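All chains, full assembly: derive it from the sequences and hints.
As they're listed, the protein sequences go chains A, B, C and D.
Each residue of the first sequence is one higher than the one before, counting from 1 in the working numbering.
Each residue of the second sequence is one higher than the one before, counting from 1 in the working numbering.
Each residue of the third sequence is one higher than the one before, counting from 1 in the working numbering.
Each residue of the fourth sequence is one higher than the one before, counting from 1 in the working numbering.
Because the hints were derived from the structure by calculation, they are not lab data.
Errors might be hidden in some of the hints.
To be verified - Simulated restraints, written as ranges between beta carbons of each label pair:
id, chain 1, residue 1, chain 2, residue 2, range
1, C, SER57, A, SER255, 51 to 59 Å
2, C, PRO42, A, THR228, 44 to 52 Å
3, B, ASP271, A, ILE210, 30 to 38 Å
4, D, LYS59, B, LYS108, 46 to 54 Å
5, D, LYS303, A, TYR206, 48 to 56 Å
6, D, LYS59, A, GLU304, 35 to 43 Å
7, C, LYS95, A, LYS207, 47 to 55 Å
8, D, GLU258, C, SER124, 35 to 43 Å
9, B, ASP271, C, GLN4, 20 to 28 Å
10, B, SER266, A, LYS174, 24 to 32 Å
11, C, GLN4, B, SER266, 28 to 36 Å
12, A, TYR206, B, ALA336, 28 to 36 Å
13, B, LYS108, A, ASP271, 51 to 59 Å
Remember, predicted model here, so these are calculated numbers, not experimental data.
Glycine residues also receive a C-beta, built at the ideal position from the N, C-alpha and C atoms.
Protein chains: 4
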Amino acid sequence: MPKQTKVAILGATGFTGEKLVEILLSHPGVEVTYLSSRTEAPVAYSKFFPRFLNKTSLKCETLNIEKCCKLADVIFLSLPHTVSMGFVPHLLGKKKRVIDLSADYRFKDTNLYKKYYKVAHKDSENLPKAVYGLPELFKKDIEKSSLIANPGCYPTSIILALFPLVKEGLIEKKIIIDSKSAITGAGRKAVMEYHYSNISNNLWAYKPFIHQHIPEVSEVLKLSTGVTISPQFTPHVIGVEAGIYSTIYVTFTKSVNEEKINNIYSKYYKDCRFVRLLSGLPKLKDVVGTNFCDIGFALDEKKENAVIASSIDNLIKGAAGQAVQNMNLMLGLDEAAGLL
Amino acid sequence: MPKQTKVAILGATGFTGEKLVEILLSHPGVEVTYLSSRTEAPVAYSKFFPRFLNKTSLKCETLNIEKCCKLADVIFLSLPHTVSMGFVPHLLGKKKRVIDLSADYRFKDTNLYKKYYKVAHKDSENLPKAVYGLPELFKKDIEKSSLIANPGCYPTSIILALFPLVKEGLIEKKIIIDSKSAITGAGRKAVMEYHYSNISNNLWAYKPFIHQHIPEVSEVLKLSTGVTISPQFTPHVIGVEAGIYSTIYVTFTKSVNEEKINNIYSKYYKDCRFVRLLSGLPKLKDVVGTNFCDIGFALDEKKENAVIASSIDNLIKGAAGQAVQNMNLMLGLDEAAGLL
Amino acid sequence: MPKQTKVAILGATGFTGEKLVEILLSHPGVEVTYLSSRTEAPVAYSKFFPRFLNKTSLKCETLNIEKCCKLADVIFLSLPHTVSMGFVPHLLGKKKRVIDLSADYRFKDTNLYKKYYKVAHKDSENLPKAVYGLPELFKKDIEKSSLIANPGCYPTSIILALFPLVKEGLIEKKIIIDSKSAITGAGRKAVMEYHYSNISNNLWAYKPFIHQHIPEVSEVLKLSTGVTISPQFTPHVIGVEAGIYSTIYVTFTKSVNEEKINNIYSKYYKDCRFVRLLSGLPKLKDVVGTNFCDIGFALDEKKENAVIASSIDNLIKGAAGQAVQNMNLMLGLDEAAGLL
Amino acid sequence: MPKQTKVAILGATGFTGEKLVEILLSHPGVEVTYLSSRTEAPVAYSKFFPRFLNKTSLKCETLNIEKCCKLADVIFLSLPHTVSMGFVPHLLGKKKRVIDLSADYRFKDTNLYKKYYKVAHKDSENLPKAVYGLPELFKKDIEKSSLIANPGCYPTSIILALFPLVKEGLIEKKIIIDSKSAITGAGRKAVMEYHYSNISNNLWAYKPFIHQHIPEVSEVLKLSTGVTISPQFTPHVIGVEAGIYSTIYVTFTKSVNEEKINNIYSKYYKDCRFVRLLSGLPKLKDVVGTNFCDIGFALDEKKENAVIASSIDNLIKGAAGQAVQNMNLMLGLDEAAGLL
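Now the structure itself:
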């Protein structure tokens with residue numbers, strides 16, 4: 001691998017694409033060489049986003065897949081769900097490393113994919129090779145992979161909080177998750193629902209029981225722990241610029257105490273740079289602008305139930321930052337390069 | 001009762017006191033005649049709050065209880081917890097009608113009061129006379145009462161959502177409540193934690209399992225339904241100017257469907273002006289600035305579990321508005337006078 | 001005039017239309033009988049805006065001008081600029097009272113109208129009858145008028161601050177105005193520029209020197225004072241939910257002091273319920289949610305220059321509230337009815 | 001100079017101190033070795049600010065000046081005005097390089113200092129050696145200096161916008177500046193005025209004509225251009241988390257056009273990494289989180305007047321970022337090290 005790996009970002013004008021550009025431009029080990037956007041003619045990237053003036057002179061253009069392959073060795077796909085899988089076979093055929101931020105390669109079960117994303121999966125050849133890009137669980141696999149399915153934002157905050165407890169068989173299967181997210185999770189869309197006047201000072205629950213991120217959580221926890229759980233999940237939109245805060249309600253199957261829970265989290269995460277185990281409950285703003293996932297918990301008096309709270313920046317650890325963390329592992333770089 | 005009842009507000013410079021002044025100044029059936037504040041010399045109320053200029057020329061002064069009794073017949077106590085009960089005996093002795101917005105008369109059980117508010121209750125004589133001021137449950141009692149314990153903000157949003165289901169024996173006792181509140185619920189305090197830079201774009205859970213509003217919910221539900229429940233409660237601070245949004249997770253004990261749940265809510269609330277039963281889940285902003293409580297719910301596929309969401313303006317239906325609603329009932333006025 | 005005048009709002013789903021509905025539903029002297037919206041089929045108004053549930057059962061429908069005239073005697077036009085003038089002749093022909101919140105009847109000079117709104121004026125017959133609906137300047141005319149040109153939001157904040165000083169010949173013609181406004185002034189539009197993520201924590205200047213509201217200010221000040229001024233005007237978008245704050249820089253032509261300036265403002269506004277002259281500079285939030293215009297000023301050491309700051313709620317005193325104030329005057333009601 | 005210069009931050013728990021820690025921890029050429037705070041016992045810095053967990057294990061302690069001098073070679077003073085000058089003589093005596101973020105060494109004229117900061121200057125020996133740390137104007141001097149007076153936040157945004165035009169004698173002396181700033185500029189203070197509920201959705205002008213930053217602007221422009229100007233300055237508080245936006249009104253003394261103005265700005269800033277000359281007016285958010293100063297302007301039709309808008313992040317280019325930029329120059333590092 002050359003000193004400065006060349007990277008491309010397809011879908012560079014969405015929220016996650018923009019955040020990828022920001023992180024990768026400051027990354028010490030890579031060079032951004034190609035940016036594409038579905039809807040726009042070749043134009044200076046800083047024309048879309050003036051905050052990139054004096055930081056990059058790159059242009060963003062309509063996707064030319066051949067040009068992209070000529071210019072870059074690692075390709076980030078910040079494309080809409082169902083679109084990514086149209087490009088992956090070609091890119092892998094060209095021996096590129098691909099990090100897909102869409103949902104296209106997150107499910108091993110194509111029936112689930114079809115149920116939640118409404119189209120049949122069309123790349124069953126590469127799907128088995130895809131590694132779910134949650135480094136805290138699948139580091140070894142990520143290091144050897146050429147195709148990363150970058151996790152959903154809610155699942156990142158949820159799986160990191162639940163995995164050690166599920167793995168240790170410590171909690172009952174009835175789990176309730178109440179998540180709160182910035183609206184950027186919904187993508188860059190010009191609709192009245194996301195108008196300033198409708199988001200500021202507002203909050204609402206949506207898609208209770210049926211959000212597509214819950215089967216993702218269940219499948220990943222099943223694969224990583226062997227245990228089948230299907231939490232009740234209610235996401236909420238909140239009026240913040242960035243961040244997800246998941247409040248998770250669990251009941252223990254065994255006798256526990258604070259120390260025991262702390263030890264279990266430490267057991268799984270002690271070498272994980274981006275998971276911070278707190279002594280109290282997290283505050284959202286402490287992770288905003290970072291790749292950290294903060295986890296804290298509280299037990300009830302009888303030590304039978306816990307509230308676990310987990311927070312991330314939805315566009316960083318929940319998307320672009322985690323994608324770069326994955327890239328670092330794939331390239332044998334310091335896992336935290338460009339992320340601290 | 002004369003046409004224009006005279007009312008006083010003690011503690012008029014706190015957030016709830018200020019909101020009371022605002023509502024009562026526009027109220028068609030009362031006249032505000034006396035305002036006091038613990039810490040301030042007699043000074044134009046609009047000096048504290050310039051937004052009241054041209055709306056009132058009232059002064060606010062250090063409490064003079066005799067003067068207050070001379071000038072007003074209904075007394076609102078927006079005083080700190082543990083302070084109200086020092087004044088209530090005197091006011092009732094003077095045949096005043098008292099609406100106490102503190103927690104002092106909310107618990108019938110003085111042990112609970114002591115446990116959660118850290119002082120012994122010192123007015124056991126009047127405590128039994130106090131009516132919990134949730135008009136949707138206790139209208140008849142409120143109409144005849146001289147002492148109202150105005151409910152806590154979280155309990156208002158929670159009890160209204162749960163009461164019909166508990167009353168009908170429809171849900172299991174394990175209930176999880178995830179509430180989100182504006183910081184004004186914590187009172188007007190000059191601390192760094194409430195500084196703009198710490199609230200804007202932030203969110204955090206606090207006091208899990210131990211918040212003083214949960215025994216209040218339990219006691220009121222026990223009194224009104226005969227059923228003992230003790231929900232798990234996790235309040236959160238969110239960066240909004242006003243409002244509480246409670247997301248409540250319940251499991252049914254019987255077979256239900258959407259229609260049945262709707263019918264049950266209608267049975268109890270069809271004549272309640274300020275409860276709105278929605279067909280979907282509420283959005284916080286629709287109740288901000290109003291005395292409404294919006295309630296919506298969603299069932300899972302198997303109709304075994306529900307998410308119920310309930311939202312109020314924490315300073316209106318959660319405090320000052322509800323206090324005025326109580327006053328209206330006590331005075332035989334239209335329940336909604338001054339509140340629409 | 002009957003006790004409850006019947007009123008209609010055309011364009012009831014825009015920001016100003018919605019605010020009009022809100023104010024008029026609580027107004028003690030009128031009944032809202034008809035709501036139309038350009039783009040929607042007949043549907044409960046609370047379907048658009050759930051916050052109106054339990055407050056009105058009115059439906060909103062595609063405009064039927066005959067039906068409107070049958071149902072209402074006062075017609076508010078919250079229609080886009082250039083659209084209002086298509087309906088006014090018919091409405092006046094039916095002897096209706098019309099309050100137009102668009103710019104269509106604000107300019108007496110049709111060349112200015114054409115220059116700034118890009119279409120030729122097509123109702124030169126009624127234009128001369130239109131009264132500029134700034135009650136603090138034109139009360140007598142408004143009382144007798146059937147056609148009100150409701151002022152622009154920026155002009156309201158600016159003219160009220162400048163009128164007394166210009167009228168008294170106290171300031172030089174070079175005036176600089178730096179205004180800050182909520183984005184709702186731009187209307188309800190689903191564009192990325194108004195997306196939460198672009199407004200929150202942001203601020204920018206736009207349309208320097210060329211904003212259409214400055215010729216409006218100039219023409220109205222010319223008509224009311226005889227003096228021709230053309231201020232330099234720079235509006236800014238700020239991340240607030242409501243409000244305009246105009247900071248105005250003037251130089252005196254004569255020797256003045258604080259008292260003299262105060263006296264001059266008092267001279268013109270002492271009977272104006274909705275103008276509040278402050279002893280210091282205003283804070284925006286003190287007028288949000290109200291029909292007040294707060295005005296304050298500061299002089300430099302030599303008493304040669306002043307900063308005048310003027311603030312309003314852009315949708316209330318800057319639009320819907322002022323429209324209702326005008327209606328009150330036209331109907332002989334208390335000027336403040338429904339507005340305090 | 002060793003590869004990793006050791007740096008200390010005195011006053012590390014204020015807003016600018018915290019931002020300094022954040023920037024310096026990621027800086028490739030320095031190591032943070034000492035943190036002090038006026039009011040606190042030795043405690044992990046991440047205890048104050050949990051967002052620094054996993055980023056630093058540094059402790060913050062009550063200032064021990066000897067220990068500080070032993071541990072660090074570059075000392076940043078984020079101390080209150082009038083406090084810094086108590087430490088500077090000692091630090092310079094120890095051959096330390098000092099960057100003072102207070103106002104103590106900004107004025108060459110000690111009468112001005114006394115007038116605006118209410119105490120007599122007590123370090124007249126070192127005052128003449130202090131260099132005003134605005135790299136775009138005084139780069140050469142900064143490189144050779146041991147004592148930097150880091151500029152005020154407003155002055156940074158204002159001087160950068162005005163300097164080229166004043167230097168070229170292009171504008172009249174009557175200049176009007178309308179600035180808008182985040183509340184963090186006022187320092188970390190627990191007062192009700194900075195409570196979330198008073199800042200969110202609010203805006204107000206303060207200290208018109210008399211703000212201490214204007215004599216700073218005047219003195220620096222006089223020193224750098226020989227021209228004496230004293231602009232009228234009105235700062236405003238706005239409800240944003242970070243940023244200053246200065247809207248500046250000037251009148252030209254000569255015939256100009258857009259191209260000419262652009263050329264003049266380019267002449268002075270073409271090699272300045274952190275000044276970005278825009279083709280339109282800036283938006284505040286494009287500089288938030290960066291060390292950039294964005295400058296744009298618009299001319300009136302007659303090319304006689306201009307609006308110039310200049311924006312910075314008040315805690316970065318307006319304080320901590322600029323301090324690091326100065327340090328980079330003093331140490332012979334890349335001017336942008338740690339800042340992009």
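A quick look at each hint next to the structure:
1. SER57(C) - SER255(A): 51 to 59 Å: Since SER57(C) and SER255(A) have Cβ atoms about 57 Å apart, the given range 51 to 59 Å holds.
2. PRO42(C) - THR228(A): 44 to 52 Å: holds, 50 Å
3. ASP271(B) - ILE210(A): 30 to 38 Å: Because 34 Å falls inside the window, the suggested range holds.
4. LYS59(D) - LYS108(B): 46 to 54 Å: Holds, since LYS59(D) and LYS108(B) (Cβ atoms, about 50 Å apart) stay within the stated range.
5. LYS303(D) - TYR206(A): 48 to 56 Å: holds, 53 Å
6. LYS59(D) - GLU304(A): 35 to 43 Å: holds, 38 Å
7. LYS95(C) - LYS207(A): 47 to 55 Å: At roughly 52 Å between Cβ atoms, LYS207(A) and LYS95(C) fall inside 47 to 55 Å, so the hint holds.
8. GLU258(D) - SER124(C): 35 to 43 Å: holds, 38 Å
9. ASP271(B) - GLN4(C): 20 to 28 Å: For ASP271(B) and GLN4(C) the Cβ distance comes to about 26 Å; the hint holds.
10. SER266(B) - LYS174(A): 24 to 32 Å: holds, 30 Å
11. GLN4(C) - SER266(B): 28 to 36 Å: At roughly 31 Å between Cβ atoms, SER266(B) and GLN4(C) fall inside 28 to 36 Å, so the hint holds.
12. TYR206(A) - ALA336(B): 28 to 36 Å: Since the Cβ atoms of TYR206(A) and ALA336(B) sit about 31 Å apart, the hinted range of 28 to 36 Å holds.
13. LYS108(B) - ASP271(A): 51 to 59 Å: holds, 54 Å
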